[in-house]
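Enquirer: Based on these hints, arrange chains B and C on the given structure of chain A.
Respectively, the protein sequence lines represent chains A, B and C. Here the numbering used here is used: position 45 in the first sequence is 45, and no number is missing along the way. All you need for the numbering used here is the position in the second sequence, starting with 1, plus 849. All you need for the numbering used here is the position in the third sequence, starting with 1, plus 892.
I should point out that these hints are in silico values taken from the structure, not numbers from a laboratory. A virtual CB, placed ideally from N, CA and C, is assigned to each residue, including glycine. Don't take each hint at face value.
Stated by the list, open to error - With the Cβ distance kept under 7 Å, some of the chain B side facing chain C (calculated, not the full set):
id, residue
1, A851
2, D865
3, G866
4, A871
5, I872
6, E874
7, T878
8, A884
9, Y885
Said to hold, decoys possible - Distance ranges between label pairs, derived from CB positions:
id, chain 1, residue 1, chain 2, residue 2, range
10, B, K854, C, Q947, 38 to 44 Å
11, A, T254, B, N882, 30 to 36 Å
12, A, G306, C, Q947, 24 to 30 Å
13, C, K899, A, D415, 41 to 47 Å
14, A, T468, C, Q947, 32 to 38 Å
15, C, L895, A, T151, 35 to 41 Å
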Amino acid sequence: MKGYPVIKGASYTLAATPDMVIYNGTTQTTERVVNPSSEYLVELPKHLRSYEDVVSYIPNQVYIGNATYEDLAATEFPYYDKKWNDAKEDGKFGCILPEDEFYGIMHICDVFELVLLENGFAAEIKEKLAKREWFTDEQLESLLKNNADETELQRLVTEEHSEGLYIGEKLVGVVKRAHDVDVNLSAHVMLENLVSKASNVVSLIELKKKNNFDPASVEYVIDCCEEACGDMNQRGGGNFAKAAAEIAGYPNATGSDVRGFCAGPAHAMLHAAALVKAGTFKNVVVTAGGCTAKLGMNGKDHVKKGLPILEDCIAGFSVLVSADDGIHPQVRTDIVGRHTISTGSAPQKVIGSLVGDPLKAAGLKITEIDKYAPELQNPDITKPAGAGDVPEANYKMIAALAVMNKDLDRAGIADFVKQHGMPGWAPTQGHIPSGVPYLGQLMDDCKSGKVQKAMIIGKGSLFLGRMTNLFDGVSFVVQANDHQVGGGSATAKKEVKICKTANYYGTKIAFASEGSEHGEDNIDLAVELAGKKGIEAIVSTGETAHKEMEAALADGTAQAAVTMHYPFPIGVSTVGKVITPARGKAMYIANTTGTSDTDRVAALVKNAIAGIIAAKADGVENPTVGIANIDGARACEKALKQLKANGFDITFAESARADGGVEMRGNDLLLGTADVMVMDSLTGNLMMKLFSSYTTGGQYEAMGYGYGPGIGEGYDKLVMIVSRASGAPVIAGAMEYAANLVANDWKKIADETYAAAHAAGLDDILKSSAPAKAEAEEEEEDVPMPAKEVVTAAIPGIEVMDIDNAVKALWKEGIYAEGGMGCTGPIVQISEANKDKAVAILTKAGYIG
Amino acid sequence: MAILKDKHVIIIGDRDGVPGPAIEECAKTAGANIAYSSTECFV
Amino acid sequence: MDLENQKRVLNISEEFGAENVVVLLGASEAEASGLAAETVTNGDPTWAGPLAGVQLGLTVYHICEDEIKAEVDPAVYDEQVGMMEMVMDVPAIHEEMENIRKEYCKYL
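Bound conformation, chain A alone (with noise of 0.2 Å):
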């Protein structure tokens, strides 16, 4: 395995629940118990916020990533009377979704026929939520199934332990508890469970929109929320993980949950790096949903300071990690920090073993790491409540480490948080904090350089279990790309040296090396191969390698694109270039992929042009063309010779064999006695495949240039074509031959190609390309046959389909003649005396050209 296992993608929600504060926050369950009739459970109500309010909040912006940690810190604190301008529901990130639409995705989550919606509200939602084109038309119908009306609803609240859904004062659902005696699953327990699974589902979906890839690709999820799911008899079962995944559509996944309190994101984190890097799956998902227990968890003190209720929503995260692909950043599974059992649970012992003892391990001072993200919970929360600003003090505790470890001098210690710190922005849900919100930001702070490494730092309160009074917290570092995939681990990122004095010098290719048969080594060797020859490729890899390569196209960045495959229009198709093995000449083969027509004669015809204009482009003055012995080449033939009396400048090439003709023979593809060779794509594929790889076996393309350019009327992007199979040579020779095209304006031949085929009568001559076979089904008649003689004249260039009305057309005009196949393809035979009058005969009905 290669490579440190990368983070590849990063979803954030939140959903806004003010209901569930009142009905499912355990402060407010548990003052309903102890002082039902209490002031704060009056007030509760008036300092709920609005659902615009909680959008425009800046940490929740910063959150589902409209705003970044920076907009935050520019932020005078407090923050909850302050709103972002530019607010919105959808983020880079993820999205803030409002509690109507959160209570129906709850409904979709439960499989058990527990969720029941009031009718109409199910119908309404189910509105709602088919906009967002998360979910399944089945999964949508599925909410208007279980529901009910408001009195049954009432029912169930009162008469049968069921937990209610509220909006506002309104009864919009009930939980039902999935059994009658077992505490395990009551309502109470399914509830918190359900919503656990809906957020996690949430953030599961947002992740696979807004990152790009294929979530049939994901082999493992990881959850790593704070609940437990199963019945009396196994409490903590689990699977959260596998749950969600089904509902949010990752077909291939299974997966197992990871608890470890607020540090469970952090070691869940740990366990898909290492099973990454293990090479035991290449994408694993880590993943939470949020909890209800801790909606307004520190509301008394929030409603006595006269703020709004800031812990009002239910948040998610999900986290992607793959197998290095030389672009996203690396966790460090070589620098990890752990709160061990002897560690103790003083604050500098803490720190110490996870923040000290790892980088100390891996040489580096603590000034070294550029970002930590400790439990990045929100102070504007925590502050009110007396908890205090618990990133800041982590960060104050990491410099004081620092100090006594003499890598800070002590009056550094302001400047240090600042630098390496940030405020922190999550919702105080639990394990949410723990680190993981800033892995988003981390991936754009890698890509823009400005941070190199980051360390991930969760810790956890196991004592709140009740099992042991440990402490408990695991800490990694994640990196900037080393690119070096092939290298193993890498202290420094590696050069390619591109070649200054060579003729490509300058020259940018955009390649989407994702899907090589030949591993992450044969990549940097083309990239290397073709540095030499001044040509600097931008590599991209993993599922968005094609959208960074459309984007290097599209802004110039790239003057061209070597791609594994690429869906071209119609009409447009590739001309490949290859070395003939009798004399080492190079031979353009049109076409090696694509369609350049739905008529085959036509497509035929438009190969040879497109051939002709990358012979040209890539510097050859005045390519011979000749086509391929297959089917379709005489009337390709008769076509192109037209187009030439029309005065389209074309060369033909004159078979190497004894009989000569501008087919061309097996053996002329081995000698490329035509510089461009003519045939269907999906003949040219095949000889590509064998013109690259007879020298190695077959499985390693190892000689030529690819597959080609795709070439086509009005197409204007240089995109180049190899295999999966094609060696580090191929790929090379491929960024030479685009930057061949590009030095000699290929678009400006292709122009100019295409209109002198017109001016020629393009379009008629494959209008009238197969007239000989219409005229003649018309001719359907009895033609009587002229007395039989001895034929040793032939006459090749007759469509096989042809060759029967050919004949008759002969027999018509007294002339005997029969239908045969010679050995370069179907002939007309007739005799000696009779070959001329039998060729003007022919040529003029239109079957010879």
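Expert: The following block gives chains B and C in isolation, referenced to the frame of chain A:
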């Protein structure tokens, strides 16, 4: 007179301040009897 | 303060006598320290737990206060609390604790 010596000490630590067990270690050296130790968590 | 903790404070005070009990706090801020100190002296100010309306008047200190630090083995103190002492606003915590003690402590 010492504050802690021979007294029954109740410790209310804080996850994000000084946790209970850390305070316990300190109080023991002062000759206190640890009656109860816990750590609160606000997050 | 957590309800379970309030219950334990009440029970221990009854068992050993309030005059023999000292409460040590580790809260990260002055305000939270003050609230916890008020709870074990004047009763739960949020009126939610077993100490609501119960004025135990217990002796209460924050671990970072000089009075306590003076009684603890310096090496142990440095190891267990040294770093948090750097991070926390000790003077503010001390001031808050002093105010509570002056007002509500019965056994100083």
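Enquirer: Now tell me, hint by hint, if it's right for this structure.
Expert: A quick look at each hint next to the structure:
Residue-level restraint check for B:A851 holds (minimum Cβ-Cβ distance to chain C is 6 Å; threshold 7 Å). At about 5 Å, the closest approach between the beta carbon of B:D865 and any beta carbon in chain C falls short of 7 Å, and the interface hint on this residue holds. Taken as an interface hint, B:G866 checks out: its beta carbon lies about 3 Å from the nearest beta carbon of chain C, inside 7 Å. Among the interface hints, the one on B:A871 holds; its C-beta lies about 4 Å from the nearest C-beta in chain C, closer than the 7 Å criterion.
Interface hint status for B:I872: upheld, as the beta-carbon distance to the closest one in chain C is roughly 5 Å, under 7 Å. A least Cβ separation of about 5 Å between B:E874 and chain C falls short of the 7 Å threshold, and the interface hint therefore holds. A cut of 7 Å between beta carbons decides the hint on B:T878: the least distance to chain C is about 4 Å, and the hint holds. The criterion of a C-beta within 7 Å of any C-beta in chain C is met by B:A884, whose closest approach is roughly 5 Å, and the hint holds.
Taking 7 Å as the C-beta contact cut-off toward chain C, the hint placing B:Y885 at the interface holds, the least distance being around 5 Å. One distance hint, 38 to 44 Å for the beta-carbon pair B:K854 and C:Q947, is violated here, with the actual separation near 26 Å. Separated by about 52 Å at the C-beta atoms, A:T254 and B:N882 break the suggested range of 30 to 36 Å. Distance hint check for A:G306 and C:Q947: the Cβ-Cβ separation is about 28 Å, which falls inside the suggested range of 24 to 30 Å.
Between C:K899 and A:D415 the Cβ separation comes to about 46 Å, which falls inside the hinted range of 41 to 47 Å. For the hinted restraint 32 to 38 Å between A:T468 and C:Q947, the CB-CB distance of approximately 35 Å keeps it satisfied. Between C:L895 and A:T151, the C-beta spacing of about 37 Å keeps the proposed range 35 to 41 Å intact.
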